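Read top to bottom, the protein sequences are chains A and B. Counting in my numbering, the first sequence runs from 1 upward without gaps. Counting in my numbering, the second sequence runs from 1 upward without gaps.
For the record, the hints were derived by calculation from the structure and aren't laboratory data. Keep in mind that this is a model prediction, so the values were computed, not measured. Do not rely on the hints blindly, as some may be mistaken.
Unchecked claim - Below, in silico cross-link-like pairs of lysine-lysine (DSSO-like), each with a Cα-Cα straight-line distance of 27 Å or less:
1) B:K187 - B:K159
2) B:K187 - A:K153
3) A:K202 - B:K307
4) B:K187 - A:K201
5) A:K197 - B:K345
Claimed, not checked - Computed spacing ranges between beta-carbons, pair by pair:
6) B:Q280 - A:Q21: 36 to 42 Å
7) A:Q21 - B:Q206: 49 to 55 Å
8) B:Q212 - A:N151: 48 to 54 Å
9) A:R119 - B:L238: 25 to 31 Å
10) B:E366 - A:G94: 31 to 37 Å
11) B:Q252 - A:N151: 54 to 60 Å
12) A:V149 - B:L217: 17 to 23 Å
Ideal placement from N, C-alpha and C gives every residue a C-beta, glycine not left out.
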Amino acid sequence: MKILVIEDEPEMQETLVRSLQQEQYLVETACDYESALEKVGLYAYDCILLDINLPGGSGLEILEELKKQQKTEGVIIVSARNSVDDKIQGLELGADDYLPKPFHMAELHARVKSVLRRRKFEGQHLHQLQNVQIDPDKHQVWVAGQELVLNRKEFDILLYLVTNKDRLVSKTALAEHVWGDYIDQADNYEFIYSQIKNLRKKLKDHAAELEIQAIYGIGYKLVTA
Amino acid sequence: MKLLNYATSYFAALLLVVISGWAALFYINMLDEIYDSIDDGLENQKLLVIQKAAQDSTVLAQAEFEEGYYKIHEVSLAWARGKKDLYQDTLMYMQNEKDFEPVRLLTTVFRHNGRYYEMRLITSMVEEDDLIEDLLYSLLWLYLGLIASILVLNNLLLKRIWKPFYHILRRLQHFKLEEAKTVPVQKTNIAEFQLLNQTVEKLLQQNVAAYQNQKALIENASHELQTPLAISLNKLELLAESQPLQEEQLMQIGAVMENLERLTRLNKSLLLLSKIENRQFTQAEAVSLPNLVQKTLADFEDQLKYKAVSVEVEATEEVSLQMNPDLAAMLVMNLLKNALVHNVKGGFLRIRLSREALVVENAGKEEPLEETKVFARFYKDASSQASTGLGLSIVKAICDLYGFQVTYRYQQGHTFIVAF
Chain A
1 MKILVIEDEP
11 EMQETLVRSL
21 QQEQYLVETA
31 CDYESALEKV
41 GLYAYDCILL
51 DINLPGGSGL
61 EILEELKKQQ
71 KTEGVIIVSA
81 RNSVDDKIQG
91 LELGADDYLP
101 KPFHMAELHA
111 RVKSVLRRRK
121 FEGQHLHQLQ
131 NVQIDPDKHQ
141 VWVAGQELVL
151 NRKEFDILLY
161 LVTNKDRLVS
171 KTALAEHVWG
181 DYIDQADNYE
191 FIYSQIKNLR
201 KKLKDHAAEL
211 EIQAIYGIGY
221 KLVTA
Chain B
1 MKLLNYATSY
11 FAALLLVVIS
21 GWAALFYINM
31 LDEIYDSIDD
41 GLENQKLLVI
51 QKAAQDSTVL
61 AQAEFEEGYY
71 KIHEVSLAWA
81 RGKKDLYQDT
91 LMYMQNEKDF
101 EPVRLLTTVF
111 RHNGRYYEMR
121 LITSMVEEDD
131 LIEDLLYSLL
141 WLYLGLIASI
151 LVLNNLLLKR
161 IWKPFYHILR
171 RLQHFKLEEA
181 KTVPVQKTNI
191 AEFQLLNQTV
201 EKLLQQNVAA
211 YQNQKALIEN
221 ASHELQTPLA
231 ISLNKLELLA
241 ESQPLQEEQL
251 MQIGAVMENL
261 ERLTRLNKSL
271 LLLSKIENRQ
281 FTQAEAVSLP
291 NLVQKTLADF
301 EDQLKYKAVS
311 VEVEATEEVS
321 LQMNPDLAAM
331 LVMNLLKNAL
341 VHNVKGGFLR
351 IRLSREALVV
361 ENAGKEEPLE
371 ETKVFARFYK
381 DASSQASTGL
391 GLSIVKAICD
401 LYGFQVTYRY
411 QQGHTFIVAF
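Please construct the entire structure, taking both the sequences and the accompanying hints into account.
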């Protein structure tokens, strides 16, 4: 999988690249409008992370250019502006997603994978991890061919952790992903723990070869048993 | 008291003094003139009677006034010697008035055919009390007339002169910093008003500029903070999963991340507030509140369950408001979140929705919050560390934007009322 990171802030770019490389993607970078335009013109990517404020031009113009060239790259706009107008305009110009800064890496990976899945497999893709199979569209889970019934929250947690397998997912990232942005400011995330507990029990009862580890003080990590 | 009437009241007092003084002088002078003229008349009559007596001696026999205006009786030489004309005021019974009335009396002595006679001549006098009364009435009318003229003059002329001033007053009265629109200046030829206009205009512009700057500062600062926050958070995430770390180190990283996340929330809330205040949410549509309340409650379901909060919803009628859907969601969400976060384990949450108002009541600390500060930015109780202290400010800002009244009161529970 080839990913292009268009980001002018060097530190931000470096962090994104490192985190994406850990997912075994091939990552290329562009740090201004000109070089970004050149790269999208010359090469094909599976996914593009696009910052809107770029030296020399706007990320939205790059979107327009992609549309003109009838390129089918999945584009996720990553912007510090968090403006509704940018979001609407970006999505209208063909971007797949809009992720306002700051974000959690786990969220970025989930979004990237969702874009790749939709682009590459036209939605016909099941997650297979050890003996666990997940259908993100039908919200179904099978363990060794046997269906595992989960409620909506449990399913969302499992899918999110599976998407970020072997990676540390912070409580906040998980809470915001599963319960929505409104969750911020909640004075504690203890209510998450009861859902995790139920999920763990169900996985164990079905002898799933997955384990949800609690990383004390930060969050959770899903590892294969 | 209005400026014009204020001036008039001073005029009225001044006029009263001036007119009273003038009236006294006028009265004394007039009376003097009247006496002078009456005495002249008596003098003339005296000469006429003496002349008449020279021709007709019966005149000398007029001993009483009766139908005449004089009486004469003979006096001795000794008595007559050295007598001068004497003018006196006295009273005499008048048949027509049936009362004693003041008369002017001239007592004089003359010689006729070597004999001396004393003659008394009378003529009717002005009635001073009547005169004073007449004068008083006239003056009262004059005074009222003058006051009326001043009032008319003030209202027509002065009002016109002061028009630019009142225009400036109205401008200031209707001036709203956040709306940043100034009423156009009215042209005037009066130097003072021109100066006032210029000064006010400059002051308003400076204020608007300062306000805009401050708003822009908050928005820009919030924007500028996003990137470093993002970098810090993401770098910490990388660090946390970089290599086997000890639990102690992970704890530290977790604590830093939590604080950065709090900073991020704070930043987002500030940005949202300034966007609301800058009226950047323009698009509006009909939003169904009962649906929104149900949806928001569903979102909070797990937290409510975790805290064992009992929820009562009373929303029988459909309430539809014309507003920005994101802001409507933000309003309901922040109200309910506030009621949830500050709730106690096993507490209650009551929501009453009608066409008039949305009322959210919740259990919590058993003491009222400070009504005046509850909607202020960064007002929060010491116990709720994670809260940004901006949720209710956002509620207030949205209510202000749409002209809703939001109030807080405490009775059994904490109650927030949004009146539409």
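- Item | Violated constraints from the hint list, given by number and in increasing order | 2, 4, 10, 11, 12
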